[in-house]
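Listed in order, the protein sequences are those of chains A and B.
Here the numbering used here is used: position 516 in the first sequence is 516, and no number is missing along the way.
Here the numbering used here is used: position 137 in the second sequence is 137, and no number is missing along the way.
Derived from the structure by calculation, the hints contain no laboratory data.
Subject to a maximum C-alpha distance of 30 Å in a straight line, what follows is the list of computed DSSO-like cross-link-like pairs (lysine-lysine):
hint: 1; chain 1: A; residue 1: K112; chain 2: B; residue 2: K187
hint: 2; chain 1: A; residue 1: K606; chain 2: A; residue 2: K590
hint: 3; chain 1: B; residue 1: K73; chain 2: A; residue 2: K253
hint: 4; chain 1: B; residue 1: K193; chain 2: A; residue 2: K292
hint: 5; chain 1: A; residue 1: K241; chain 2: B; residue 2: K95
hint: 6; chain 1: B; residue 1: K76; chain 2: A; residue 2: K253
hint: 7; chain 1: A; residue 1: K253; chain 2: B; residue 2: K95
hint: 8; chain 1: B; residue 1: K193; chain 2: A; residue 2: K638
hint: 9; chain 1: A; residue 1: K638; chain 2: B; residue 2: K187
Each pair of labels, with its calculated beta carbon distance range:
hint: 10; chain 1: B; residue 1: E53; chain 2: A; residue 2: L358; range: 32 to 42 Å
hint: 11; chain 1: A; residue 1: A492; chain 2: B; residue 2: D50; range: 26 to 36 Å
hint: 12; chain 1: A; residue 1: K253; chain 2: B; residue 2: W196; range: 46 to 56 Å
hint: 13; chain 1: B; residue 1: V79; chain 2: A; residue 2: L358; range: 46 to 56 Å
hint: 14; chain 1: A; residue 1: K360; chain 2: B; residue 2: F160; range: 10 to 20 Å
hint: 15; chain 1: A; residue 1: E581; chain 2: B; residue 2: V79; range: 50 to 60 Å
hint: 16; chain 1: B; residue 1: R81; chain 2: A; residue 2: S139; range: 51 to 61 Å
hint: 17; chain 1: B; residue 1: E53; chain 2: A; residue 2: E198; range: 17 to 27 Å
hint: 18; chain 1: B; residue 1: I26; chain 2: A; residue 2: A256; range: 29 to 39 Å
hint: 19; chain 1: B; residue 1: I22; chain 2: A; residue 2: Q613; range: 53 to 63 Å
hint: 20; chain 1: B; residue 1: I22; chain 2: A; residue 2: P450; range: 53 to 63 Å
hint: 21; chain 1: A; residue 1: E581; chain 2: B; residue 2: E53; range: 23 to 33 Å
For each residue, glycine too, the CB sits at the ideal point set by N, CA and C.
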Amino acid sequence: MESKRKFTRREFLKISAFTAAGALAACTPPAPTASPEAPTAAPAVPASATPPPAAAGPAYQEPPMLADLVEQGKLPPVLERLPENPWVAPVFESNGKSGGIVRRAFTGPGDKWGMSKICDRALVWFDNDLVMQPRMCESWEVNDDGTEWTFHLRKGTKWSDGVEHTSKDVLWWYEHEATNETLFPGLTEGRWFTGTGETKKMMEVTAPDDYTFTFKYAEPKPLLIYTMGRQGVAAPAHYMKQWIPDTADDPDKLAAAVTAAGFESWDKYYIDNRRFWFWNPDLPHFGGWIAKNDLNEEKWVIERNPYFFGVDSDGMQLPYLDGMHSRLFSDGQVFNLWLTNGEIDFQARRVQVGDYTLLKENEASGDYKVVVCPAARHMVVVLNQASKNEQLRSFFMNRDVRIALSLALNRKGINELNYLGLGTPRQYSPLTMSPQYHEKLSNAYIEYNPRKANEMLDAAGYAAKDADGFRKYSDAEDAETIFFVMEGQFGAGTPDEDAGQQIVKMFKAVGVKCEYKFVETTLYNQHYTSNDMDAAFWFADRTVVPLGAEGLIFRGIASDRPFVDAYNKFFDDPENPIAIEPPQDHYIRKIRDLWEQVLVTGNPDKQNELFAQMLDIWAEELPMIGVVGELPALTVVKNGLKNFGPSPNDDTTGDEYVLNPETLFWENPAEHMG
Amino acid sequence: MLGYVLRRIAIMIPTLIVISIITFIIIQLPPGDFLSSYAASLRAQGEVIDEAEIRVMRERYGLNQPIYVQYGKWIKGIVTRGDWGQSMSLQRPVKDLIWQRMTLSMVLSVVSLLVGWFIAIPLGVYSATHQYSPLDYIVTFISFMGIGTPSFLLGLVVMFVAMNYMGLNVGGLFSDQFILAPWSWAKVVDLLKHLWIPVSILAFNGTAGGLRTTRANLLDELNKPYVETAYAKGLTERRVIWKYPVRVALNPFFSTVGWELANLISGATLLSIVLNLQTEGPMLLNALTAQDMYLAGSFLFLLSVMTVVGTLLSDILLAWVDPRIRMT
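The shape of chain B in the complex, shown without the other chains:
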């Protein structure tokens, strides 16, 4: 097992190097650079910017250098100093910017993930064990709705209802007066008052998928001989279901948990934009549209690292949960 993990880690290094190069190239692919989109956005707002000024700025940022030089500078900073570069549009070190929004992003993602699972697993098990019962139909219907409704649309609807019929203050995770306030009990309460909207929307969407997976997998397992054997040995219904087939049916959760790691950061970008949640997602999107290459590049790189690490984690988890899987 240890040898397997070490081997996997060794493979990760070249993978990440390749990813970093590809990331950098992709960011440079669209025509223009940060300054051309900066100038364009200024002009669209009716401001003036001189061509000469742009030329000087381009030189200062080193945007006129060949792409491999720019890449070298970026990677050197990361490897030697842990310096991810400077965001051109936000005028702050990339590292600080990413950390600044990390907590809220994680809270949102973890809470919605857990709420989603908490609902999906019991309902999925119920649906499978009571296949074609009225409740199964209802659950199935709702879960298809969940899969079919885009989160941003739901976000808009919920926001409208919350504001117009419930008189709540919406948009963002805090009320106006708590945004800059230091953490306190009142602020936590305020956060919870706002958090339920995105969490329930994300959970509604997330639950649907998990529920369908659990149901389908469990249905496959329920007819297998080992279940019959367990019943034959006189175990209670509850014990049979939860101890054996459910555990097997949950494998997909563990094998996809690795992807959730990247989702902690970039998950629910669209919903965040619509609901005005200041999480990492909208910042990533802005960085990409502004062609703020160090910020965008570092984001994409970080996401890739998370995915690679997450995949490893989920492989290990899977082996631990399911003794039938052998690592060699």
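So that you can see chain A by itself, here it is in the shape it has in the complex:
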């Protein structure tokens, strides 16, 4: 097996430095030339930092597909379609050529998220250094305590139907959608309010002019920016108003449309269907591509949005690709056949790590490359330290026990045997390239030392063993043997299930009796919801920018990893039947305190610092036992497709699309016209 290429944050930075420089240089629109059609439209070096005189107007180019439409009079010229100051996209390799399509695959409407991540565009996005930068907005400001967020829109940004987008769309969205009690009873979307229970309060939105709007919260909302990447804060008022009875010109027509679509009431139609572009291809949005057909069909097609708000540093309107197709598959084997046969151009979603060898073997014949991207996924052993079972609870609550169990794991062996050596033995912690990377936690107690593990368990008071050599809860004659079940949703035959069995063996080798048990999803959910889970072998992600992901897993809020779930439930509602009060000195109290502080700090450096303190506690306490991490996401990229490189892969950073898919291009577009 070839040696694994690992990207540290530093290296990732180095790669992106080049691109960032390009992007910076391009911050001013290219200087004007006489004709927009002129092939030399873009200057090699942007002249100065001051924008060119507005009267002359910058020169932009457009893809051939659109130039034809402009010529036929079906589309306004590119200058009128772009904002005055368009977004200049950073590129991973170089500026590219327009045209061609990319073929992908999906498992049906439930798997719409791939395309959704490609097309959902909102105010900001991560740069290649994983720091938030303006994307759709021109800039933003936040006050010191994080209660007031002001965004400036790019003047002249258009919805995909050509209508200009202004802060009026934000106001309309706020008044008619976000605060509509019929649509959102009892404020459910966490981004728009602060406080809980009595103190729960909706933000206020104001718009001093057409291109500025402000969100004002009753309490600090310092992490808001991280939720502004994909989810919009505006609705196309001119289009959406027809779907609300109060604003519709013709409410009867609306009622008829609701019935015809098979919905019981307008609010269901609005909330489940009309406001999503993937269910409603007519909905204007901002993405690089717009849906051309219904996603319930066998092939889902998206095609370039002629009004997309971004350009490359040469002034070429993005995206480069004319469109993308997603073909429906129901079985992974068919998907693998397509992949190995070179019928998929760009995809990480649904590609299985276990198929690495198969995919590598066929690289030449399928004319593609497998790019190994570091992904957020870690495999973790979750010990329920708030278990209903008191004996087990005090066993797991013992810090030495958790450390001993961590030392009992031969991570290198598991990585080689079950994960083809593609993972990294580490604790659950932010990725190496993450702005929140924490070296101490990553490497805490990851060495394989069963002798020490045995010593620590003996010293912790679990030295007595039963007839089979397994440790008992105490040295009393009638003490029970320690035993727990690790539940997992990995079925027989998967590498993960196999890893679970390996871990069981390793725990048993230090005298701790346990079993791995495959449980079906619904049952798994039931078990953790009712706190009937001893332990779990599961995955944990959100490690690329965990701060942006609100540290959900680090705080134990993601209940499907229930290491302290019943404790957290106690803080939320002591009356909750599964709530258990944690001891006064329990680490979860300190973690919660620190998080409270993060939540009132508008300063990103201070946020990172406080988050690092949380991770210090993790490194001491090992709330979860990480096995292997940075498990890669394999991205299959057809040869000739450019501007993609190894980039971190996580839901919160848009999976394989963190590097703006609008900049993907074909070296020979003519060969990929579909």
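Since the structure of chain A is already known, use the hints to place chain B on it.
Frame of chain A; chain B shown alone:
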């Protein structure tokens, strides 16, 4: 005869009501509901979903109502408006979704059924009339293989061979560029290029059963006195066999034709999944695993209706084919 048919139809109504109730209960039996499996699938993919959001959604879908209220709403829609409800996972009216895949499902099922019969009957007759001949052994051997090999396994093997050694594009019923294209001659040709894989696999499996049945039944008939009489009267061998015992031996085909009606929809689900055929089967399976209750319920209900109607049809057919059967 007419009275018999009317009576049978009258009995069908309570049968269907009972079936619809049982269907609905069965769908609700597994723990959780559509939203819990929806949330779980999101989490498994690394997406987030808020508990509060789920609560609101549950209310909106009426999933927190008692089961009889949900059932009442569903049945009322079907009876009064022909509205089968809305699929929660696919966001489309159930009716449209089922129709969308109907044509391809039917083409696949009918073609494989006919191809299967076309092979099974002549071979079965040959096997029976030439019992223990070398060809009979060969046919018997192959037919046992057909019964013994699961279609999905065969599907995988054929797909692998077709792709690796014949350079064909596999998975699905159309090549990539024809999927969304309007119907044309080229598209039909493309369909035929893909259809042979599932049809031959299904026919291989289906033929085996039919062949064994024909052979066994015909063997029973061949020794009966009426056959001897027919020979004694000087009829040709071909005429004797095809006119009398074969017709009797074919009765099982007609009595099972009713089940094929339901198979038109849900037949070959496994094979469809493996070969990526976008027929009704995989959609039914997805609906069941996602606990998309209106879609799954309507499917199961439709299948039951088809089976009930099919049984009636096959009874009528049988009476028509075999004058010895009397309806009273």
